[in-house]
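Enquirer: Now for the letters of each chain:
2 protein chains.
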Amino acid sequence: MDVLKKTITVFAPATVANVSCAFDIMGFALSKPGDIVKLTLRKGDGGVSINSITGDSGRLPKEADKNTAGFAVKEYLRRQGFKDYTISMDIQKGMPLGSGLGSSAASAAAALYGINRLFDDAMDERELLKIGLACERLACGSPHGDNIIPSILGGLVLIRSYVPLDYTRLPVPEGLYCLLIHPNVEVNTRDARRILPETVELSRAVRQWGNIASLVAALYNGDYGLLSRSLEDLIIEPERSKRIPHFDEMRDIAMKNGALNLSISGSGPSVFSFFESVQPAESAALAIQRVFKEYGIESDVYVSKINKTGPEIIR
Amino acid sequence: MDVLKKTITVFAPATVANVSCAFDIMGFALSKPGDIVKLTLRKGDGGVSINSITGDSGRLPKEADKNTAGFAVKEYLRRQGFKDYTISMDIQKGMPLGSGLGSSAASAAAALYGINRLFDDAMDERELLKIGLACERLACGSPHGDNIIPSILGGLVLIRSYVPLDYTRLPVPEGLYCLLIHPNVEVNTRDARRILPETVELSRAVRQWGNIASLVAALYNGDYGLLSRSLEDLIIEPERSKRIPHFDEMRDIAMKNGALNLSISGSGPSVFSFFESVQPAESAALAIQRVFKEYGIESDVYVSKINKTGPEIIR
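Line by line, the protein sequences are chains V and B. Position one of the first sequence corresponds to residue 194 (the numbering used here), numbered consecutively onward. Position one of the second sequence corresponds to residue 194 (the numbering used here), numbered consecutively onward.
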């Protein structure tokens, strides 16, 4: 019998990064979908192992060093100097990989939140986020935080800089709903970065930052009209949307159903729309899913509020 | 004796445009300096004339069509279809021309505010602003609104787009003071536009829009630390600051005195700093003025709160 054995099971949310004009600086958490990670802590020799992964069709590595959730826990123990424990993990992927929903971030966020709870919140928020950023570097090759930070914190987060880490939680209008659509086609994040322009015309950059500044003002003011007008990406979306099937048609359907926008989630192929209430979001979801079906493409749709609280202990 | 004769005298404030990272999309009004325009309305044949201009060293045109204040009044009468009046004007320039303080905008703002008051606010805000933009096109060759809009409205204004005109008044933290320094050297706005880069690296643009978004969040939250960190312009200032004498030295002095920033006002040569209270702003003002004096450069300094109310009727 173990001297010490503690378990915790944590859900962490999917996230939308690259929020339209706010490319690379903003992300938000959804209420669903998300990943579930179970951690079992025992006295031991510092080892971290992954027992099981489900929902990934066997594609994710079980070596702790190569898996974002495993890496997160190893880094946590290392940075805290906790050497006398072993952790075993069970990971349930609740969303498709490479879908633009922050899949790698959600597993890492669940693992980090869970391990920190097992040690009575021994690590503060900023340090947790720094490990989260290291996990994203492992998964995507660059330490982007617009998935991992909102997945850990919940809410809608603006990231001004990484060194030093400088982020701000922005207000979310109470009635805001998000429709997320994932067509079952895959886009690799590394590839998606390659098609970005290296330079931007100054005049276009100025229009983009007018949109970004107005997006932030709209969130503080709860101004849906301004929110809608500001959610316009002149720089990244024109390139990336070409690789997303039926993007313009989806947008037309969403806007006709009262959406404030339709924009790429992360680097796609998922897209998201904001709505002022739930009913039109659900109508748009059905209409878009129907059209995809006609084209022979399966899709997942999720209608949810913004998740303002982040990870959640399930057991 | 005239059947109808009404006069009004209006002060309109100097403004700071190109607020650091928020190039071309943000401007704010100062409490001082500013321009004063006296309007005299009589029954007549639609003529607009300028009686006198003082404080411009004889450099401004007295032909109404070529003067922003005269043009503003002519456009106002034309767009309203008011044909049975004549207006004569007296203009007192309260700030140096070509100083980066929105000199042309202040005269136009005073004239527009005054003529609209004489006609009992017959024109709404948006239409007034549109005439103001036409005045800026006359003065600067492009219809930039980051001086004229805050000069007419007061406060700190974010401009998302011109067609259609889309602007938002942002909150200003209560205790915020602005130090404005005008070294007596002249920079032409048309020239200043020429040295701008045509393109911007995407990575740099992303950092800039992180700053811009955070600047807006800092204003809403009254977060001086974030305000200071966000007031960093990576794109325009590195070029334009080269033409402003002793720019880096001014910044060092300001920051040592507790400034949140030191940035170019408009296209210079004036610069501005925000402070959390009045005393350090005045200390910085004296210290910078002393250094300029050692270099043989005269300078004007103004310490004021943000002007939240815009033009003011003096008589």
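To be clear, the hints were calculated from the coordinates, so they are not data collected in a lab. Honestly, I wouldn't trust all of these hints.
You can't tell identical chains apart in this list, so a pair holds if it fits in one copy or across any two.
[What the hints assert, rightly or not] Derived pair list, reagent style SDA-like, types lysine to any residue, alpha-carbon separation capped at 25 angstroms:
id: 1; residue 1: K231; residue 2: S421
id: 2; residue 1: K323; residue 2: Q285
id: 3; residue 1: K323; residue 2: D416
id: 4; residue 1: K501; residue 2: G415
id: 5; residue 1: K323; residue 2: E425
id: 6; residue 1: K231; residue 2: L479
id: 7; residue 1: K255; residue 2: R483
id: 8; residue 1: K236; residue 2: Q482
id: 9; residue 1: K435; residue 2: V399
id: 10; residue 1: K231; residue 2: M448
id: 11; residue 1: K501; residue 2: N414
id: 12; residue 1: K267; residue 2: H439
id: 13; residue 1: K231; residue 2: Y417
id: 14; residue 1: K435; residue 2: R271
id: 15; residue 1: K486; residue 2: T392
id: 16; residue 1: K236; residue 2: R422
id: 17; residue 1: K486; residue 2: R330
id: 18; residue 1: K323; residue 2: S421
id: 19; residue 1: K449; residue 2: P357
Enquirer: Hints first: check each against the structure and report whether it holds.
Expert: To see whether the hints hold, each was checked on the structure:
1. Taking CA atoms no more than 25 angstroms apart as the test, K231 paired with S421 passes in neither setting, with 39 angstroms inside one copy and 42 angstroms between copies.
2. Taking the shortest Cα distances, K323 and Q285 sit within 25 angstroms of each other inside one copy (24 angstroms), while across copies they are farther apart (57 angstroms).
3. Taking the shortest alpha-carbon separations for K323 and D416, only the inter-copy value of 23 angstroms comes in at or below 25 angstroms, while the best intra-copy value is 33 angstroms.
4. When the C-alpha separation of K501 and G415 is checked against a cutoff of 25 angstroms, the pair qualifies both within a copy, at 16 angstroms, and between copies, at 22 angstroms.
5. In this assembly of identical chains, K323 and E425 lie within 25 angstroms of each other by CA distance solely across copies; the values are 24 angstroms between and 30 angstroms within a copy.
6. For the identical chains of this complex, K231 and L479 are neighbours neither inside a copy (34 angstroms) nor across copies (63 angstroms), given an alpha-carbon limit of 25 angstroms.
7. Taking the closest pair of Cα atoms, K255 and R483 never come within 25 angstroms of each other, the shortest separation being 37 angstroms inside a single copy and 67 angstroms across copies.
8. Within a single copy, K236 and Q482 get their C-alpha atoms no closer than 49 angstroms, and across copies no closer than 67 angstroms, so neither meets the 25 angstroms cut-off.
9. Proximity of K435 to V399 under the C-alpha cut-off of 25 angstroms is found in both arrangements, the shortest distances being 24 angstroms within a copy and 22 angstroms between copies.
10. Taking the shortest alpha-carbon separations for K231 and M448, neither the intra-copy value of 40 angstroms nor the inter-copy value of 50 angstroms comes in at or below 25 angstroms.
11. For the identical chains of this complex, K501 and N414 are neighbours both inside a copy (18 angstroms) and across copies (18 angstroms), given an alpha-carbon limit of 25 angstroms.
12. With identical chains, the CA atoms of K267 and H439 are never at most 25 angstroms apart, being 42 angstroms at best within one copy and 51 angstroms at best between copies.
13. Proximity of K231 and Y417 under a CA criterion of 25 angstroms is satisfied in neither setting, with 39 angstroms inside one chain copy and 41 angstroms between copies.
14. Taking identical chains as interchangeable, the C-alpha atoms of K435 and R271 are never at most 25 angstroms apart, the minima being 43 angstroms within one chain and 48 angstroms between chains.
15. Within a single copy, K486 and T392 get their C-alpha atoms no closer than 38 angstroms, and across copies no closer than 42 angstroms, so neither meets the 25 angstroms cut-off.
16. In this homomeric assembly, K236 and R422 never come within 25 angstroms of each other (Cα to Cα): the closest approach is 55 angstroms inside a single copy and 44 angstroms across copies.
17. When the C-alpha separation of K486 and R330 is checked against a cutoff of 25 angstroms, the pair qualifies neither within a copy, at 36 angstroms, nor between copies, at 52 angstroms.
18. Taking the shortest Cα distances, K323 and S421 sit within 25 angstroms of each other only across copies (23 angstroms), while inside one copy they are farther apart (33 angstroms).
19. In the homo-oligomer, the alpha carbons of K449 and P357 lie at most 25 angstroms apart only across protomers (21 angstroms), although the nearest pairing inside one protomer, at 43 angstroms, exceeds that limit.
The structure does not agree with the numbered hints 1, 6, 7, 8, 10, 12, 13, 14, 15, 16 and 17 stated previously, though it agrees with the rest.
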